[in-house]
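In order, the protein sequence lines correspond to chains C and G. For what it's worth, my numbering labels the leading residue of the first sequence as 1, then goes sequentially. For what it's worth, my numbering labels the leading residue of the second sequence as 1, then goes sequentially.
Fair warning: there could be bad hints in the mix.
A few chain G residues that face chain C, going by a derived Cβ cut-off under 10 Å, partial list only [unchecked claim]: (1) Leu4; (2) Leu45; (3) Val100.
Under the rule of at most 25 Å between Cα atoms (straight-line distance), these lysine-lysine pairs were calculated in the BS3-like manner [claimed, not checked]: (4) Lys83/C to Lys103/G; (5) Lys57/C to Lys103/G; (6) Lys57/C to Lys70/C; (7) Lys14/C to Lys70/C; (8) Lys9/C to Lys71/C; (9) Lys103/G to Lys9/C; (10) Lys103/G to Lys70/G; (11) Lys70/G to Lys51/G; (12) Lys83/C to Lys9/C.
Which chain C residues stay away from chain G? Per the calculated CB distances, all over 12 Å, these [what the hints assert, rightly or not]: (13) Phe12; (14) Gly16; (15) Val19; (16) Asn28; (17) Ser67; (18) Glu69; (19) Lys70.
The hints are simulated quantities; they were obtained by calculation from the structure and are not laboratory data. Beta carbons are placed, not taken as given, at the ideal position from N, Cα and C, and that holds for glycine.
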Amino acid sequence: DGGITQSPKYLFRKEGQNVTLSCEQNLNHDAMYWYRQDPGQGLRLIYYSQIVNDFQKGDIAEGYSVSREKKESFPLTVTSAQKNPTAFYLCASRLQLTGTGELFFGEGSRLTVL
Amino acid sequence: GQQLNQSPQSMFIQEGEDVSMNCTSSSIFNTWLWYKQDPGEGPVLLIALYKAGELTSNGRLTAQFGITRKDSFLNISASIPSDVGIYFCAGQRRGNTPLVFGKGTRLSVIA
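One chain only, chain C, in its complex shape (with noise of 0.2 Å):
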């Protein structure tokens, strides 16, 4: 089936940890982001990317670093500078060429620090 998938879906660090957080879609789609989403925060971009071996900086992209090498991929790291990394971070897709802007998420990864 098509679609996005995130893992870990849980996921434990200590303080200080740098830690990644996988995300594939194997929809052919053009552009992927990544989101933070903290309990009455709703969904803060971190970072964006439109094409392969390009990305920009979303509202939060501080502490954070992301790669894109291939169109399917684009993982997520979350550095020691992060001061608050606790949070449910998502990933979502879509067809760029379209610009319709309808967006597609994986189910997330919930990152808890100690």
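Chain G: place on chain C using the hints.
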């Protein structure tokens, strides 16, 4: 970054009641989208609106793209327990710019 003003923040309703929520912005959007999120899952697209004044239905859900292009609303008729979740509005200004999201409306349905 800008977020949309979504209200109400939360709602508690009886099963069978109708629900209305809305989203407003100080700037114009060319596309409005409504998503629903179940606990621990990613949001799922409910309705997409592309034209000012457009009224679109999806089963018991109806959404409208405001004439001024600065607002949108979502109605749910005859609510049922599985309507429980968080509903998000999202807008796109132009072209391929990222979506801007509201903070969500948390809906609880009492059977």
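Outcome of the hint check:
no.	hint	verdict
1	Leu4	holds (9 Å)
2	Leu45	holds (6 Å)
3	Val100	holds (9 Å)
4	Lys83/C to Lys103/G	holds (22 Å)
5	Lys57/C to Lys103/G	holds (20 Å)
6	Lys57/C to Lys70/C	holds (18 Å)
7	Lys14/C to Lys70/C	violated (30 Å)
8	Lys9/C to Lys71/C	holds (22 Å)
9	Lys103/G to Lys9/C	holds (23 Å)
10	Lys103/G to Lys70/G	holds (16 Å)
11	Lys70/G to Lys51/G	holds (12 Å)
12	Lys83/C to Lys9/C	holds (21 Å)
13	Phe12	holds (16 Å)
14	Gly16	holds (27 Å)
15	Val19	holds (19 Å)
16	Asn28	holds (16 Å)
17	Ser67	holds (18 Å)
18	Glu69	holds (21 Å)
19	Lys70	holds (20 Å)
Comparing the model with each numbered hint stated earlier shows that hint 7 is the single one that does not hold.
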